[in-house]
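Student: Residue numbers (the numbering used here), protein chains in the order written: chain A, 1 to 433; chain B, 1 to 308; chain C, 1 to 315.
The set of hints was computed from the structure by calculation and includes no laboratory data. Every value quoted in this text rests on a predicted model; they were computed, and no experiment measured them. Incorrect hints may appear among the rest.
Chain C regions said to be covered by chain B (calculated; three or more residues, Cβ under 8 Å) [to be verified]:
id	stretch
1	83–89
2	206–213
3	242–251
4	261–275
DMTMM-like cross-link-like pairs, simulated, lysine to aspartate or glutamate; straight-line CA separation at most 25 Å [to be verified]:
id	chain 1	residue 1	chain 2	residue 2
5	A	Lys184	A	Glu80
6	A	Lys329	B	Asp123
7	A	Lys233	B	Asp141
8	A	Lys233	B	Asp196
9	A	Lys138	A	Glu425
10	A	Lys138	A	Glu208
11	A	Lys403	A	Glu425
12	B	Lys207	B	Asp196
13	A	Lys48	C	Glu195
14	A	Lys391	A	Asp406
15	C	Lys186	B	Asp123
16	C	Lys312	B	Glu99
17	A	Lys138	C	Glu109
18	A	Lys184	B	Asp2
19	A	Lys138	C	Glu195
20	A	Lys408	A	Glu208
21	C	Lys181	C	Glu195
22	A	Lys408	B	Asp141
A virtual CB, placed ideally from N, CA and C, is assigned to each residue, including glycine.
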Amino acid sequence: MTKSKTAPVKGAHPTRREALKTLAIGGGAAALPLWARYAGAQTSEPIKVGFQVHRTGIGAAYGRWYDRTTTAAAALINEEGGINGRPLEIVAEDDGTDPKRGAEVIEKFATQHNCDIGFGTLFSHVVIGSAPRAGELKLPYFVVSEGHHVASGMLNRYTLQPGITDVKSQVQAMAPFVADNLGKKVTMIFPDFAFGHDHRDYFTAAIEAQGGEVLEHIAIPPTETSFTKYFPKIPRDTEVIYHVMVGPAVLTFVKELGEFFGPQRPEMFGFIDSLEAVNIGSPGLEFLDGTYFWEGNPRYAQDNQSDYDAFFRERVGVDANGASVSDSKDVSTYAHMFGCWETLHVVKAGMEAAGYQGPQDRPALIEAVEAMTGLPHSNAHPQGAKIFNGKTHQVFGHQYITKVVDGKLLLVHTTSIEDTFYPDEVDYTTQAL
Amino acid sequence: MDFGPYLMLATLEGAVTAAVLALTASGLALVFGVMRVVNVAHGEFFMLGAVLAWWVTQMLGGSAVMGFVIALCVVPVLVGCLAALTDMVILKRISYDPERTIVATIGILYIFQQVTLMTYGPDARPVAPPFNTRIALPWIDFVDGRLSLYWPWGLSITSYKLAVIASAGVILLALWLVMTRSKLGLMMRATEQDRDMALAFGIPVEKVYAFVFGLGAALAALAAVLIVPIQQAHYLMGGDPLLLSFIVVIIGGLGSLPGAVLAALLIGLSDGIISVFFSPTLAKILATLLVAFVLVFRPHGLFGVRRG
Amino acid sequence: MTTDLKKSLLLHGAVLAVLFASQFVLPAYHHGNLARVMILASYAMGYNLLFGYTGLLSLGHALFFAAGLYGMGLAMSQFDVGAGPALVCGVIAGTLVGAVIGMLALRTEGVAFMIVTLMFAQAGYLTILYFGTYTRGDEGFVIAQPDRVLLGLDLSDPTVRFFAAFTVFCIALIMCLAVVKSRFGKVLIAIRENEDRTQMLGYDVTRYKFSAVVLSASLSALAGAAYGILFGYVGASFASVQYSIFPLLWVLLGGAGTVLGPLIGTLFMFYLIDLSSGITTAYMLIAGVVLVLLTVFAPQGILGELRRRVWKWLP
């Protein structure tokens, strides 16, 4: 890196501030409160991780498990001696799954709690609403969102996604399996908002590359609670239904789909996002038996389960069925929450590589993470090996396809990491730090 | 799917929506009519109904039918009592001032949502339907100049959905009988027409208010218990029913029960049928604009009369 | 009357002075919060013009806020317009939407007006989702830092942002004061108090109400456009029902029909959520209880109560 770590993005800052001050109070020397907030941390002080958590609002079911996973990961890191000999402290703030509050929470981390980094956001709109503020405050912002927003180049150099793959890579890696095993004539059902549109665009392109086609795109309004009336739009000659609904109404969606088709249904392929935190054995979901799902990380412990996965389950408190060990009805968001665990371990590795001491080393932390490439399958990365792309700030990894058999999700296919690659759309390293 | 069967399917689906909506909205219409206040927390009573139905069936265990029937009897009463209590503790103190009631009920909405989140949690949980058979439906079509019956692909409904439509009808009929034929109904109508005069005639207006508020909430809870085997109980599920019932009450003509039922039918069915012709989100936009334009050109609702 | 006017000028001048001076003493976090609150308070003041002074309760103001937000944002993202003209686009978009809604919705009154505005706002929200190709739907889009430069000033800089938010707030405050003190404002209040009588006195009530809707919409749109450009994000959640309820809540809390009420209400609600979320995760519970208590014990809102008890001259 030839860039100076201290070269500011907005070169004329102090002079402009001075000018404004002159304008405002006639050249008074009153110190603005925004400088000198960080007087250099003492080495015994904990490293503070601002955890933006969806405790309320639509993301609450995910938020609870992100919280548990994060707590478990922090406890492990602290047991193993912390980061650079300093303990890790999680400072959690609820963002209400709202982009406005999300941005406020980021400000609170940076300026009130004096956190070293921001971390942990899932919902895309909260990430996109918060990232500009993180960039302005120069707060490294590690998101666990699986959105394509980071790699698309929409955000900034301070926003990274090193612990979970993005929707574009997930979706395109599914197309070969679907085309080879399930059928080439696909009907897609997805929510009519950005997350659904990503699926629509990337999967349609990917399946066409495999010689298949999408017969019909059925976009469901996000506020919808009953679905049967949309199903007649599914063409008769559909071989595969690709579904990716989210939100509390997904159970209704699956149930009504089952009632619509009755005994004869086409093949079905879905994203587990629909059924995260939902028991596959719930009444009405019998219909899913024999259908296929993308899973970021298989919820049910598989026969060939790795020691790393067993370790991860044990530390977070998840049983072999993906539910809480203390309450078998409390099903986890297993396909996503590993992202929190892995991201914290990336942060640890990054801070140690950068010799992180305090907020003045934040640019060095960003550069250290950007320099990462291979992340081996390990206790730190229980979901599988990964490759981080420092230019796009996005990690790439294996994807899993499972089949519902007797109310359990059994692994049938694991994609290679290469299946998930696509050409870079941005090079964040060209942006100033 | 052919056009005819598709339209029939959409109509049936619309009828289920309409049935539940009619129940929920009649509760709001009752409160609005008699007490002249807008209860923003009405959707939360709906949500509580669904969540309590889950609790009850869960606690009892046993057969789905038993649990559901008990939930159907117990839950509306519980929610009704809670609402009546809310009325006596809060709304009475602010003298049913329209604007203050809006803020107070927004506060109540927050309280109910948060308490539910803390106790019941953020998950959407299903209640098993007492019975649920898929019924394939036939369609009649001309084939070679003759009428013939066939079973189109996908055209079906479940027995439970039919039962929801039927029970909503029965409950609404009962409500109408109570309002028009019983002494209780007389007291409510008297209070609705002239509060002071009713008071002068010895009607315990305060008690009537508490009762009406409770009854309104109970109707919402009842609708929720009926729908929860189809949709799941979730702590944020109250928003949509509130908006829709609100619309229904206004379109139907303020506080008019028959108007509300007709408006619920109109909105439920049009929601289903419009979705046949347009892409889903566009259909929602059009259905929403339709409601707005009905009001723009019939400001007192479809069935309302101008009040002094 | 003149002493009242003097007192009122003094009070509002003092409030502005305190707000301005506070940027030099507040810690960074609250400094940023105040900038945000001033923008949102401008939105609430726009709302108050219609609700507090004219007596029209709208449940669809998020439409105007979002019109400003997206008018500004789309002008930038789709047509590469600069920050200044984009802001103007936002305000124009809000004003136009306000004019259309005003023409349609004012055929109704009372609760029907509430519903019609609610429905139009809901249709607007869905429209944003429908045109996801341009708006990125619920996810929204970022206004990149290089685009957020107005008159050579970088709006993402905290000090500049505060100053810009303060300017927007000043515009809103002065506009509200001017309206309230003008003959136009007096007619609006007359409409609120008794519409039929105002009509009988020969005023074209519909025309006045229409002007109030448009004015209120423009101010809300200004706040929306400013919010987007100052905080760098444009998203559909700002068009949802919630953001129509918020200004109502802020205004009622602060005191409907008072010029400063919206500021007080917004500030109060912001810190109520922020502080209680520090104490407990159940902050919504606290917010709910406080709302209920306020309606029971301070029915006219905080400033309304003050006006009733102490400062009878408060505008």
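Student: If a hint holds in the structure, say so; if it doesn't, say that too.
Tutor: Taking the hints in turn, this is what the structure says about them:
With 0 residues bearing a CB less than 8 Å from a CB of chain B, the stretch 83–89 of chain C misses the requirement of three and the coverage assertion fails. Under a criterion of three residues with beta carbons nearer than 8 Å to beta carbons of chain B, the stated coverage of the stretch 206–213 of chain C fails, only 0 such residues being counted. For a cut-off of 8 Å, the count of residues in the stretch 242–251 of chain C with a CB near a CB of chain B stands at 3, and the three-residue condition holds. Counting residues of the stretch 261–275 of chain C whose CB lies closer than 8 Å to any CB of chain B gives 0, which falls below the minimum of 3, so the coverage claim is violated.
Restraint check for Lys184 of chain A and Glu80 of chain A: the C-alpha separation of about 50 Å exceeds 25 Å, so the hint is violated. With a C-alpha separation of about 11 Å, the suggested pair Lys329 of chain A and Asp123 of chain B falls inside the 25 Å cut-off, and the hint holds. With a CA separation close to 20 Å, the supplied pair Lys233 of chain A and Asp141 of chain B stays within the 25 Å bound. For the suggested pair Lys233 of chain A and Asp196 of chain B, the alpha carbons sit about 57 Å apart, so the restraint of at most 25 Å is broken.
Between Lys138 of chain A and Glu425 of chain A the CA atoms are separated by roughly 23 Å; this keeps the pair inside 25 Å, and the hint holds. A C-alpha spacing of about 41 Å is found between Lys138 of chain A and Glu208 of chain A, which places the hinted pair above 25 Å, so the restraint is violated. In summary, the hint linking Lys403 of chain A to Glu425 of chain A is not supported, as the alpha carbons are separated by about 33 Å, beyond the 25 Å threshold. Restraint check for Lys207 of chain B and Asp196 of chain B: the C-alpha separation of about 14 Å stays at or below 25 Å, so the hint holds.
Distance hint between Lys48 of chain A and Glu195 of chain C is unfulfilled; the C-alpha atoms sit about 59 Å from each other, more than 25 Å. The straight-line distance between the Cα atoms of Lys391 of chain A and Asp406 of chain A is roughly 43 Å, outside the 25 Å bound, and the hint therefore fails. Between Lys186 of chain C and Asp123 of chain B the alpha-carbon distance is near 52 Å, which puts this suggested pair outside the 25 Å criterion. A distance of roughly 22 Å separates the Cα atoms of Lys312 of chain C and Glu99 of chain B; the hinted pair therefore holds under the 25 Å criterion.
For the hint pairing Lys138 of chain A with Glu109 of chain C, the CA-to-CA distance comes to about 50 Å; that exceeds 25 Å, so the pair is violated. For the hint pairing Lys184 of chain A with Asp2 of chain B, the CA-to-CA distance comes to about 24 Å; that is within 25 Å, so the pair holds. A C-alpha spacing of about 54 Å is found between Lys138 of chain A and Glu195 of chain C, which places the hinted pair above 25 Å, so the restraint is violated. Proximity of Lys408 of chain A to Glu208 of chain A is assessed by CA-CA distance (about 31 Å); at most 25 Å being required, the pair is judged violated.
This hinted pair checks out: Lys181 of chain C and Glu195 of chain C have alpha carbons roughly 19 Å apart, not beyond 25 Å. Restraint check for Lys408 of chain A and Asp141 of chain B: the C-alpha separation of about 43 Å exceeds 25 Å, so the hint is violated.
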